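Engineer: Chains as they are written, first to last, in the numbering used here: chain R, 247 to 325; chain S, -19 to 148.
Bear in mind the hints are in silico, worked out from the structure with no lab data behind them. A couple of the hints might just be wrong.
[Unchecked claim] Output of the computed footprint for chain R on chain S, the stretches with three or more beta carbons under 8 Å from beta carbons of chain R:
1. 26 to 33
2. 77 to 90
3. 99 to 106
4. 129 to 138
[As the list claims (entries may be wrong)] Here are the simulated DSS-like cross-link-like pairs (lysine-lysine), alpha carbons at most 25 Å apart as the crow flies:
5. S:132 x R:265
6. R:250 x S:135
7. R:265 x S:93
8. R:265 x R:281
9. S:135 x S:37
10. S:37 x R:281
11. R:253 x S:93
12. R:250 x R:265
13. S:132 x R:253
14. R:265 x S:37
Bear in mind that the values here come from a model prediction, so they are computed numbers and not experimental data. By construction, the Cβ of each residue, glycine as well, lies at the ideal position given by its N, Cα and C atoms.
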Amino acid sequence: MEYKDLKYPIYLNDSSQIKLSVQQDEANPVIRVDKNGMVHALRKGKAVIVGDFDGVIDRIAVSVYTKEGAPAGYRRVHD
Amino acid sequence: MDRSAALFVSVLTLASSACLTSAPSYAATESLSAANSSSAETQQDGITEAPQRISVKGPEGDVPLGNPVELTVTLAPGELLGELEVVQSSTAGFSPSQGGGPARIVREDGLTKTIQIVPAQIGPLDVLIFAVYADRAFARQIVHLNVVACAKGLKRFYLNQGFPGPRR
């Protein structure tokens, strides 16, 4: 985040003061976000993570792939 | 390295060790330091610790991230080497890479100075305020603040990939 009274952006130590929610099919969730902000993939699909910092909102799209279906750059060469 | 530069390096070493070793209490915002528990001047590496030469009053309660906070600093009489300095140190792990340096003095009334700091990390934050006197006395105080989320003054907020998790 960037503040007018600070020269450089801030990267928060922890996300506990950001209210995180997920827009997805709640009956069949794609991801789970834990209290530390870690994203856990549950199944293939897409979801949107919404962050609310004191009323200011940002969103990021998340795509979960299967191991075999992931784009080349996301595949592990070795397990 | 001249004498004043060498003294300043020693003082910074003392200052940073103070940040790391002080036992914080975050039940409420308070203005005290480990050094302040004794009013006696003590010597280390040719520098005299002089906690009684500085006192700091901080705000009560939580303070907002990225917004100016005023602290009232009262110094004992004497010639200072350099300026009143500020160091921010987050006890949660990462220390902010900004928000430190020479104190921004917004008001002055004799030996009492009102300084302005801008908290640059969220959660428990130690603010070390120190001054070095010409007689090699080092006066310092640590103010414990609890910094909370605040949209005021926020120019941009964005989610990113975050820091990498622990390697297994």
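Engineer: Each hint should be assessed against the structure and marked as holding or not.
Structural biologist: Hint check:
1. Check result for the stretch 26 to 33 of chain S against chain R: violated, 0 residues qualifying (beta carbon to beta carbon below 8 Å, three or more required).
2. Counting residues of the stretch 77 to 90 of chain S whose C-beta sits closer than 8 Å to any C-beta of chain R gives 3, which meets the bar of three, so the coverage hint holds.
3. Under a criterion of three residues with beta carbons nearer than 8 Å to beta carbons of chain R, the stated coverage of the stretch 99 to 106 of chain S is upheld, 4 such residues being counted.
4. Restraint check on the stretch 129 to 138 of chain S versus chain R: 9 residues with Cβ-Cβ distances below 8 Å, three needed, restraint holds.
5. Of the supplied pair hints, the one linking residue 132 (chain S) and residue 265 (chain R) holds, its CA atoms being roughly 17 Å apart against a limit of 25 Å.
6. At most 25 Å may separate the alpha-carbon atoms for a hinted pair to count; residue 250 (chain R) and residue 135 (chain S) meet this at roughly 6 Å.
7. In summary, the hint linking residue 265 (chain R) to residue 93 (chain S) is not supported, as the alpha carbons are separated by about 38 Å, beyond the 25 Å threshold.
8. With a CA separation close to 10 Å, the supplied pair residue 265 (chain R) and residue 281 (chain R) stays within the 25 Å bound.
9. A threshold of 25 Å between alpha carbons decides the hint, and for residue 135 (chain S) with residue 37 (chain S) the separation of about 29 Å lies outside it, so the pair is violated.
10. Taking the CA atoms of residue 37 (chain S) and residue 281 (chain R), the gap is near 35 Å; set against the 25 Å cutoff, the hint is violated.
11. Proximity of residue 253 (chain R) to residue 93 (chain S) is assessed by CA-CA distance (about 24 Å); at most 25 Å being required, the pair is judged to hold.
12. Distance hint between residue 250 (chain R) and residue 265 (chain R) is fulfilled; the C-alpha atoms sit about 22 Å from each other, no more than 25 Å.
13. Between the alpha carbons of residue 132 (chain S) and residue 253 (chain R) the distance comes to roughly 16 Å, so the proposed pair stays at or under 25 Å and holds.
14. Taken as a hint, the residue 265 (chain R) and residue 37 (chain S) pair is broken in the structure, with Cα atoms around 32 Å apart against an allowance of 25 Å.
In summary, the structure is inconsistent with hints 1, 7, 9, 10, 14 from the numbered list given earlier, while agreeing with the others.
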